[in-house]
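A.B. asks: Sequence:
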Amino acid sequence: MHPIASQCIPLHPTASQCLPLHLNASHCIPLYPSVTIASQIIPVSPIASHSIPFFPILSHCIPVPPSISHCIPVYPIASQCLPAYPIASLWLLLHPSASQHILLHPIASQCFPFHPSVSHCIPLPPIASQGIPLLPTVSHCIAMPPCISHCIPVPAIASQYFPVPSSSSQGIPLPPISSLSCLGFVSLAQPVGTFVGSGVPTWCSLEPSLCVPAVSVAHITSVHRGHHSEGLRRYGRAIPEQHCFTIAFEGGRRNLDLGARDEDVALRWVRGLRTLRGRLRGMSQRERLEHWIHGMLQRADKDKDNRMCFQEVQIMLRMANIHMDDAYAHQLFKECDHSGDGRLEDRELEDFCRRLLRRPELEELFGRYSGEDCVLSAKELRDFLQDQGEEGTLQQACAIICAHELNEKARQQDLMTLDGFTMYLLSAAGDILNQEHTQVHQDMSQPLCHYFISSSHNTYLTRNQIGGTSSTEAYVRALMMGCRCVELDCWEGPDGEPIICHGHTFTSKILFRDVIEAIRDYAFKRSPYPVILSLENHCGVEQQATMARHMKAILGDMLLTQPLEGQDPSVLPSPEQLKGKVLVKGKKLPELQCEPCGVTSILDEEEEEETEEEDRLQAKDASHVAPELSAMVVYCQATPFPGLAQALQHPRPYEMSSFSERKARKLIKEAGPTFVRYTSRQLSRVYPLGLKMTSSNYNPQEMWNAGCQLVALNFQTPGYEMDLNTGRFLGNGGCGYVLKPQFLRSPHSSSPRPLVLRIRVITAQQLPKLNREKLSSIVDPFVRVEIYGVTADCSKQQTAYRSNNGFNPRWEETLTFQLQVPELALVRFVVEDHDSTSCNDFVGQFTLPLGSMREGYRHIHLLSKDGASLAPATLFVHVTCKCP
-10 MHPIASQCIP LHPTASQCLP LHLNASHCIP LYPSVTIASQ IIPVSPIASH
40 SIPFFPILSH CIPVPPSISH CIPVYPIASQ CLPAYPIASL WLLLHPSASQ
90 HILLHPIASQ CFPFHPSVSH CIPLPPIASQ GIPLLPTVSH CIAMPPCISH
140 CIPVPAIASQ YFPVPSSSSQ GIPLPPISSL SCLGFVSLAQ PVGTFVGSGV
190 PTWCSLEPSL CVPAVSVAHI TSVHRGHHSE GLRRYGRAIP EQHCFTIAFE
240 GGRRNLDLGA RDEDVALRWV RGLRTLRGRL RGMSQRERLE HWIHGMLQRA
290 DKDKDNRMCF QEVQIMLRMA NIHMDDAYAH QLFKECDHSG DGRLEDRELE
340 DFCRRLLRRP ELEELFGRYS GEDCVLSAKE LRDFLQDQGE EGTLQQACAI
390 ICAHELNEKA RQQDLMTLDG FTMYLLSAAG DILNQEHTQV HQDMSQPLCH
440 YFISSSHNTY LTRNQIGGTS STEAYVRALM MGCRCVELDC WEGPDGEPII
490 CHGHTFTSKI LFRDVIEAIR DYAFKRSPYP VILSLENHCG VEQQATMARH
540 MKAILGDMLL TQPLEGQDPS VLPSPEQLKG KVLVKGKKLP ELQCEPCGVT
590 SILDEEEEEE TEEEDRLQAK DASHVAPELS AMVVYCQATP FPGLAQALQH
640 PRPYEMSSFS ERKARKLIKE AGPTFVRYTS RQLSRVYPLG LKMTSSNYNP
690 QEMWNAGCQL VALNFQTPGY EMDLNTGRFL GNGGCGYVLK PQFLRSPHSS
740 SPRPLVLRIR VITAQQLPKL NREKLSSIVD PFVRVEIYGV TADCSKQQTA
790 YRSNNGFNPR WEETLTFQLQ VPELALVRFV VEDHDSTSCN DFVGQFTLPL
840 GSMREGYRHI HLLSKDGASL APATLFVHVT CKCP
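According to my numbering, the residues represented by the sequence shown are -10 to 873, in order.
No wet-lab data here; the hints were simulated from the structure.
Glycine is no exception: its CB is placed at the ideal position from the N, C-alpha and C atoms.
Incorrect hints may appear among the rest.
Claimed, not checked - Listed below are the simulated DSS-like cross-link pairs for lysine-lysine, each with C-alpha atoms no more than 25 Å apart in a straight line:
hint: 1; residue 1: K871; residue 2: K854
hint: 2; residue 1: K293; residue 2: K323
hint: 3; residue 1: K541; residue 2: K514
As the list claims (entries may be wrong) - Pairwise CB distance ranges, derived in the manner of DEER restraints:
hint: 4; residue 1: G271; residue 2: G856; range: 45 to 53 Å
hint: 5; residue 1: Q375; residue 2: R742; range: 20 to 28 Å
hint: 6; residue 1: R747; residue 2: Q384; range: 41 to 49 Å
hint: 7; residue 1: H823; residue 2: G356; range: 52 to 60 Å
Turn these sequences into a full structure, and let the hints guide you.
C.D. replies: Below, the structure written as structure tokens:
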């Protein structure tokens, strides 16, 4: 090592073949504050020849030939060098076989966090400080993108991070793969029987002392083999495609890309995860509850002897969000300690948990129909169903008993016990969401303009629009959420390849071609109905032609390039007619084009409303339309809004305009009924103001009230706005198309009938603990019911809060709402933790259309802020809807 190692960067022995170094510096790069011969050591941009590339004033990174895998490849979009600043999108990658580490100048330790005991490993960017803890014995250098805040640790000895069984046949190590999602060394540990979080099997359980969260199998949405993800396509090429697979998760969690040592190992992982998902989905509510209990017991059993002393039971109660008087808890413990040895095990634990999970409100409801027999006959269950507002036949009652009764003897006699009744009410049959609406049930043969269409804005972003990361995974996530209109913000790229990014910002860039490939692979996995590509075009004519070639080559027959044969030109086709088709929304050249190269000066709608004059002038040349791209625009021809009078006088159903949220509000306020007439005939798109640096959203409900079809939101930004969007498209099978009410399709139709909605909030069950690090922290929950609809219907009411009870709080409070236009109303149930000194904390929520809400006694399965399941957390309510 060079004598002044603390000021140097030791390179791979062959590195001198890659970087032209100073004669006396063949093994290291001095980091002196001022080196006049820097340009002789490292080739740098002329404007930076007076500075070493590792200082902040440098605007260029070390140029390294891309073919060199064992040197210091620098991510191409990096605009800063070491020491890195928060806006820098820079990380270093080393080939897996690299045996050398990178030593940084002492001042670098202020910029990159290290494991306390590590002084010679690759640093992580600041945002990834909760990422990969490294050990001194790590034999490989690891690098992480700055956008990752939850990663799999990469230890040298897996058992220090995962509970790896002693038998090697039970543990399958996977080598690290660098990707935009994460990278890791993972062992398959205890494929069944490890429970974390929501109490369902997890593939591997992490030590609680680590900042990296474990992942429940319940949160996995899909497992794909091969190089399907952006990360694997970019960084996994060194590993055969048959060895790689990607795990996708619900909510905001990023994909996990993994590579196995051979094809057989990869196949076993994929089959194993898919089998676990299948078993999980097939679990009864009883089994899910038992898994949740078992998970709590495992976490509380500190000495791992499968027996619980009273102190461990107290820990379990706090973990379960139960605040119980110590004297009562000890009395309950003694009643269940049948052996009298001061510890609970096996049947004693089962008895203790059964007493904990008693539902007095269900016992009262059950007793109301069962009488003194303590069982429900098929006839009594039929009466209950009819009181619920269901058809309620004896045949239906017998089928429910057969499906949910746990006691075999009772089931054979068509009788239902309290346990069976509880399981029935917790199942999908007792859910507040009408299960018929989980399938496509609406008329899909009407024109496109008669539907609300799930739409995304800045689809390519995973975070905000100023410094966020662009990724093809964002398109995959949106499409798998049922989104049917995605945005592609296209700009001139290097080497003649158009790119997608947010212009004039620090967002990263992705290739247009890669995005189209992702859309091809995932467009119709969630829904068979058409996908609209909303092109925001800033490219010149040549790269527009390249875009057209890519779409034609990659999408093939999916791409609609001609009007449907026999289609009435005065009416838009229907979603049913366009099944499996991809539509392009963009500029359409006039039929008679006089200018060469397909030039037109029509500006992008969003540019017209949101950009400054200087930007418009700069973008003008880039807004010319290539004939090849124009030819692909058929039913979604983007045009500037001509005004309501002209649009209604000369309707052109194939033309559509985009409106900023501000412009749309103004039109709704000044000419609401006229605007509704316009949206009943033509497609319209609304998008957020471009000045929102945090990519915040607007309330979509006011746009739906006016019949706007494509109400585009930032899917990457959680909040009540996205909750409303998810709720709006929850019905009709989640296909992304929801038929508008009759009065928005035909403005001259009859007026809607008002309703009175009454919701009795009864109880909640197993609410999540907000502060898991603090056992004594118990939530003080209350429930707020929010109505979103026309202005007259918007309302919020809430219950009182219940102190120190997140396990089984009870309210028995009735909230009443008067609704004038129930067809447009969304109902949002929110649970928050009351705080008398600061803002209340969010616990969970669920949003659905009033038209998809069932009456009677129903359970509501809560979701997290990013839309992930909070099972087994539920609300229990009673709902009635009556005409006034």
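A.B. asks: Does each hint hold? Answer for all of them.
C.D. replies: Against the structure, the hints come out as follows:
1. K871 / K854: The hint is violated at about 32 Å.
2. K293 / K323: Holds: K293 and K323 sit about 21 Å apart, inside 25 Å.
3. K541 / K514: holds, 20 Å
4. G271 / G856: 45 to 53 Å: violated, 23 Å
5. Q375 / R742: 20 to 28 Å: Given a distance of about 24 Å, which is inside 20 to 28 Å, the answer is holds.
6. R747 / Q384: 41 to 49 Å: Between R747 and Q384, where Cβ atoms are some 31 Å apart, the hint is violated.
7. H823 / G356: 52 to 60 Å: Since the Cβ atoms of H823 and G356 sit about 32 Å apart, the hinted range of 52 to 60 Å is violated.
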